[in-house]
Each structure stands twice: as structure tokens, then as C-alpha cells.
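Note that the protein sequences, when read in sequence, are chains A and B. Per our numbering, the first sequence starts with residue 1, numbered consecutively. Per our numbering, the second sequence starts with residue 423, numbered consecutively.
Treat the hints with caution; some may be incorrect.
As the list claims (entries may be wrong) - When the alpha-carbon atoms are kept at most 25 Å apart in a straight line, the in silico BS3-like pairs for lysine-lysine are as follows:
no.	chain 1	residue 1	chain 2	residue 2
1	A	Lys394	B	Lys562
2	B	Lys501	B	Lys477
3	B	Lys439	A	Lys394
4	B	Lys430	B	Lys501
5	A	Lys394	B	Lys424
6	A	Lys394	B	Lys501
Worth flagging that the hints you see were computed from the coordinates, not collected in a lab.
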Amino acid sequence: MNSILGYLHSNVTPGEAGNLFWVAVYVLLVFAGVSFGVMFMNWFERKVMAHMQVRVGPMRVGPHGLLQPIADALKLIIKEDLMPANADKIVFWFAPVCVVMTAFCSFIVVPFGRTHAITDMNIGVLFMLGVSSLGVLGVIMAGWASNSHYPLMGSLRSGAQMVSYEVAMCMTVVSAVMMTSMATGTGTMSMIGIVQAQLQQHTWFAFSFFPVGFTALGVFAIAMVAETNRAPFDLPEAESELVAGFLTEYSGFRWSLFFLAEYTGMMAVSSIATTLWLGGWLRPFPNWLGGRNWDLAFSLVPGLTFLLLASFCFFFYNRMPRIRAMRANAIGLAAFGAVIAIVGIVLLLPGVRERIQDIYWFTLKVGFFMYLYVWGRTTFPRYRFDQLMSIGWKVLFPISLAVVILTALIGVRQELFALVWR
Amino acid sequence: MKFIELVKKFFMIDLLKGLFVTFSHQNPADLVTEQYPQERPVISDRFRGQPRLLKDAAGRTLCTACGSCALACPEKLIKIGSLRDPETKKKVLTSFDYDLSRCMFCGLCEEACPTHSLRLSSEYELALYTREGMELDLDKLENGIPRKEYER
Chain A
1 MNSILGYLHS
11 NVTPGEAGNL
21 FWVAVYVLLV
31 FAGVSFGVMF
41 MNWFERKVMA
51 HMQVRVGPMR
61 VGPHGLLQPI
71 ADALKLIIKE
81 DLMPANADKI
91 VFWFAPVCVV
101 MTAFCSFIVV
111 PFGRTHAITD
121 MNIGVLFMLG
131 VSSLGVLGVI
141 MAGWASNSHY
151 PLMGSLRSGA
161 QMVSYEVAMC
171 MTVVSAVMMT
181 SMATGTGTMS
191 MIGIVQAQLQ
201 QHTWFAFSFF
211 PVGFTALGVF
221 AIAMVAETNR
231 APFDLPEAES
241 ELVAGFLTEY
251 SGFRWSLFFL
261 AEYTGMMAVS
271 SIATTLWLGG
281 WLRPFPNWLG
291 GRNWDLAFSL
301 VPGLTFLLLA
311 SFCFFFYNRM
321 PRIRAMRANA
331 IGLAAFGAVI
341 AIVGIVLLLP
351 GVRERIQDIY
361 WFTLKVGFFM
371 YLYVWGRTTF
381 PRYRFDQLMS
391 IGWKVLFPIS
401 LAVVILTALI
411 GVRQELFALV
421 WR
Chain B
423 MKFIELVKKF
433 FMIDLLKGLF
443 VTFSHQNPAD
453 LVTEQYPQER
463 PVISDRFRGQ
473 PRLLKDAAGR
483 TLCTACGSCA
493 LACPEKLIKI
503 GSLRDPETKK
513 KVLTSFDYDL
523 SRCMFCGLCE
533 EACPTHSLRL
543 SSEYELALYT
553 REGMELDLDK
563 LENGIPRKEY
573 ER
């Protein structure tokens with residue numbers, strides 16, 4: 001009991017503290033949070049895509065379609081669970097499990113805040129990249145086990161895609177890891193250590209060595225879209241031109257597991273990008289706008305955001321047509337607004353706001369990348385497979401190599417100059 | 423010229439332009455979707471929808487049972503029943519059957535009507551659960567098709 005309560009006053013993650021109880025709590029919280037995030041993304045993506053295409057998107061299930069993801073999940077769960085007669089039963093069963101497991105496992109090291117991570121690993125980035133690339137295995141397994149031509153071809157396609165973009169991705173990660181050594185002399189691969197290095201160096205790595213860090217982020221951002229099989233690189237599930245790839249034989253609950261894994265994977269790679277280049281959980285300008293007053297002002301932002309959202313809800317509640325058919329929706333919207341307002345007020349409490357604001361800033365930055373995903377999906381047409389490969393190997397890979405070399409050269413520029421001018 | 427194109431390609435100007443276009447269309451004021459049962463479209467007067475028989479101010483039917491509409495109809499779907507009033511020696515309308523299931527809404531009957539009695543109104547919600555309801559009789563033509571109002 002003492003150790004359970006005592007942890008709350010500590011300044012480390014539960015994994016570092018070795019506190020099993022809080023590890024379990026954090027695992028559950030992260031699982032719930034990420035699942036909720038997937039549901040939110042489902043709604044958000046359809047809404048944003050609809051508005052970009054001058055449509056309204058889901059409107060009928062709940063106020064502004066807020067309950068649409070729940071309805072869809074229910075539909076998928078009660079669908080008939082089909083398995084092809086000649087499929088390899090065990091592998092067919094295990095493929096979606098494998099994909100989901102790897103996608104969720106990578107969240108073990110994601111630092112939502114200094115204390116808000118399940119654990120801190122000294123090889124955090126490596127662990128995340130390694131585990132998330134195991135997802136390819138699930139894809140290949142799904143294609144193989146379906147015992148059908150199109151899924152097999154599709155899984156080979158997406159396997160090749162995921163593997164080849166991993167190269168460029170890892171190169172840019174190397175450049176970010178090299179940047180961590182700038183102030184202290186020794187670099188770190190720990191996710192928390194990387195963010196702390198950005199705090200020490202007074203800059204996000206996206207802006208250090210100016211075009212270099214930014215280019216690394218750009219290459220990573222493109223590679224992560226391809227890595228997670230999202231548009232414009234969504235060849236695995238290009239229903240309109242190719243058969244739905246490795247997903248062809250999957251339906252119902254198993255398919256929804258792939259769906260869950262895809263969105264979880266999107267969030268995982270977005271968190272890597274956030275941690276490596278956008279300062280992770282750090283609020284904007286932690287050093288320049290330092291001091292107690294600024295700390296207070298920034299810690300109020302999360303609560304105020306929620307209150308702003310709540311006021312939006314009430315505003316639209318007021319604008320809803322006063323007819324019988326819309327009454328349930330109107331009440332639902334008002335209730336939703338009330339819940340958000342309560343959350344906002346809780347976030348304004350002095351004890352809560354200091355601990356929560358890390359999570360808020362981290363989520364905001366990840367949300368930016370998620371928006372980018374949707375934005376890109378609406379804007380760009382799908383690439384052909386050979387174009388995709390040539391972008392991966394002929395454009396992104398050389399650029400990422402150049403980024404690594406430039407980072408190294410700029411990192412040791414003083415020593416180089418000393419050598420030359422000696 | 424080639425150099426400029428290279429620079430454009432390098433900074434992905436075209437892609438950024440596309441991103442800007444999609445971003446700028448998010449404005450909710452741009453929406454053209456109608457939330458149909460709640461919002462209803464504005465129908466032009468020239469729209470040809472559900473046929474109606476009009477009455478005059480006193481509530482008497484304008485139809486003289488002349489049969490021009492039945493003659494004009496290319497589908498021969500109008501059946502008019504009439505009796506001759508022995509006192510005024512005029513035709514009196516007794517029945518007017520309009521088979522909506524065969525109607526193509528060409529509007530020739532409307533044009534043929536000398537008293538502007540028959541009119542294809544702008545009422546457009548004509549979906550039914552059975553074919554039988556599409557046989558419009560005098561009552562339905564004069565007073566409209568009774569419609570069940572659903573709350574949800």
C-alpha cells in the first residue's frame with residue numbers, strides 16, 4: 001500500500017520505479033487511451049475527409065455522427081466470421097493477433113510525459129522501430145494463410161513496401177539520435193532521454209541544424225505514411241484498382257483487428273516523430289518563456305481547450321433545429337458538451353494540471369500528425385507500385401543518407417575546423 | 423525554365439498547392455449537402471410531380487370531363503368517367519383514374535387541359551410500399567395522397 005501511494009510523489013515512470021501495480025494501471029490506461037484514440041480517429045478521419053470534399057460526413061448516429069464508430073464496431077463484431085475452407089487455420093487466426101500485438105506493444109516506451117510512460121528503455125527508439133516492423137510478419141502471415149492468389153500477391157506487395165520504407169525511416173532516426181549527443185557528448189536512444197536532450201539544447205530537433213533536422217522530419221513523415229500503408233501509399237487496400245490485398249479474405253471481427261492495428265500503428269509512428277523531432281511532451285518554448293507565470297499560463301491551456309470545445313458543443317446545441325426528430329441528437333450534444341466541460345474543469349485543478357499538461361501537449365502534437373495523415377489522404381492520388389518503390393529507394397533513401405552524413409558533419413564541425421586550421 | 427521546374431519539384435510546390443486546396447474547402451459554409459428530411463430543397467414551379475385536379479374558389483372542380491387529357495396521354499393511362507346532366511346538358515365528372523405507375527411525367531395532359539384543371543404539381547415524394555397506391559382516383563387527385571407522418 002505504501003509503495004502504491006508512494007509512487008505518486010516520485011518523478012520516474014512506473015517501469016523505472018519497479019512498481020508492478022502502477023505498471024499494470026498504466027498499461028490499462030494506455031490501452032484504453034489508444035483504443036479510444038482509434039475510435040476518435042475513425043470519426044475524425046471521416047469528418048475531416050468529408051469536409052475537405054465539401055460533404056458533411058456521418059451526421060445521423062449521435063450528434064454530428066459522434067457515435068458512428070461505436071455503431072461500426074458493433075456491426076463488425078456481429079458480422080459472420082468467415083474463414084476460407086482451405087485456409088491455414090492457425091496462421092489465419094494468428095495474423096491479426098500478431099498485427100495488433102505488435103502495434104500495441106510499441107506503446108510501452110512512448111513517453112506521454114516525464115512520468116507518463118509505462119517504462120523507460122535505454123534502447124527505446126530501437127525497440128519501437130523493431131516491434132512496429134514486426135507488423136510486416138502479420139501482413140505476410142495473413143496473405144499466406146488465406147490460401148488465395150490475391151491476398152498472397154497483396155501481402156508480398158505490402159511486405160516489400162513496408163520493408164523498403166523502413167530503411168529511409170531508420171536512417172532519419174539515426175540522425176535524430178546523433179543530435180541528442182550535441183550538448184552532453186553522449187547520445188541516447190531512450191525516448192525520454194531524447195526529449196530531455198531537446199530541452200537541454202533549447203530546440204526541437206526539427207529546427208536544429210536548420211534544413212537538416214527539418215528534412216529528416218519530412219523524410220520520416222513520408223516514410224511513416226508508407227510504413228503504415230496509408231494513402232497515398234495505401235496499395236495494400238486499394239479497393240478501386242487492386243483487390244484489397246492481404247485483407248481480401250478477412251471480414252468481421254478479424255478485419256476490425258487489422259483496422260485497429262493500422263490506426264494504432266499510425267499513432268505509434270506519429271509518437272516516434274513527435275518524440276524525436278517535435279519535442280515530445282514539452283510545451284512550446286519551455287526555456288525561452290520559462291518562469292512561474294508562464295508555467296502557470298501554459299498549464300491552464302489544456303483545461304481551457306476543453307472548455308472551448310464544450311462551448312462549441314453548446315453553441316451548436318443552440319443552433320440545432322427544434323424539431324422532434326432532432327431532439328435526441330440535441331440532448332446528446334448537450335450532454336457531450338457537459339462531459340467535456342467537466343473534464344475541462346477537472347483539468348484546471350491545481351494538482352491535476354501540472355501532471356496532465358505533458359499528456360496534453362504530446363497528444364496535440366500526435367494529433368497534428370494524424371491530421372496530416374488525413375489531409376494527405378484526401379489530397380493525393382494513389383501511387384503506382386513501381387513509383388512507390390522508386391520514391392522509397394531512389395529519393396527518400398539517398399536523402400536520408402545525406403541527412404545522416406550532414407548531421408554527423410555538422411555535429412563535429414568544430415573538431416573538423418580544428419583539424420583544417422591547425 | 424527547366425531550372426525553375428526543378429526547384430518547384432524539389433520544394434514540392436504542386437503537392438503543397440493541392441494540400442492548400444483541400445484545406446481551404448473545409449469551411450462549413452462551402453457545404454452543399456442537404457440534410458434531406460430536415461432541410462427540403464426548393465422546387466421550381468416548372469417541376470412536374472404528383473398530378474392534381476384543381477378546384478375553383480367555390481370548391482367545384484374545374485374539370486369539364488372533356489377528355490382532352492386522356493387523348494393527349496401517350497401512355498393512355500387516364501380514364502375519365504362522366505354523366506350528362508339532363509337539365510344543363512353538360513358533362514359532369516364522376517370518376518378520374520390516373521395510373522401513376524405508368525406515368526412518365528411528360529406533362530402533355532397538363533398542356534392539353536383547356537381549363538387548367540389538371541396540373542403536375544411540385545410534390546415530389548411519391549414513393550410507396552405497394553403498387554396499388556399508385557392508382558390515383560378522383561379523391562386522391564383533388565385532395566392529395568394521404569401520407570403517414572413518421573416521427574423518426
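Quick rundown of the hints versus the structure:
1. A C-alpha spacing of about 72 Å is found between Lys394 (chain A) and Lys562 (chain B), which places the hinted pair above 25 Å, so the restraint is violated.
2. At most 25 Å may separate the alpha-carbon atoms for a hinted pair to count; Lys501 (chain B) and Lys477 (chain B) meet this at roughly 19 Å.
3. Restraint check: the Cα-Cα separation between Lys439 (chain B) and Lys394 (chain A) comes to about 24 Å, which is no more than 25 Å; the hinted pair holds.
4. For the given pair, Lys430 (chain B) sits about 72 Å from Lys501 (chain B) by alpha-carbon distance, which is inconsistent with the 25 Å threshold.
5. Pair hint Lys394 (chain A) plus Lys424 (chain B) holds up; C-alpha atoms about 21 Å apart against a cutoff of 25 Å.
6. Using a Cα cut-off of 25 Å, the hinted pair Lys394 (chain A) and Lys501 (chain B) is violated, with the two alpha carbons roughly 76 Å apart.
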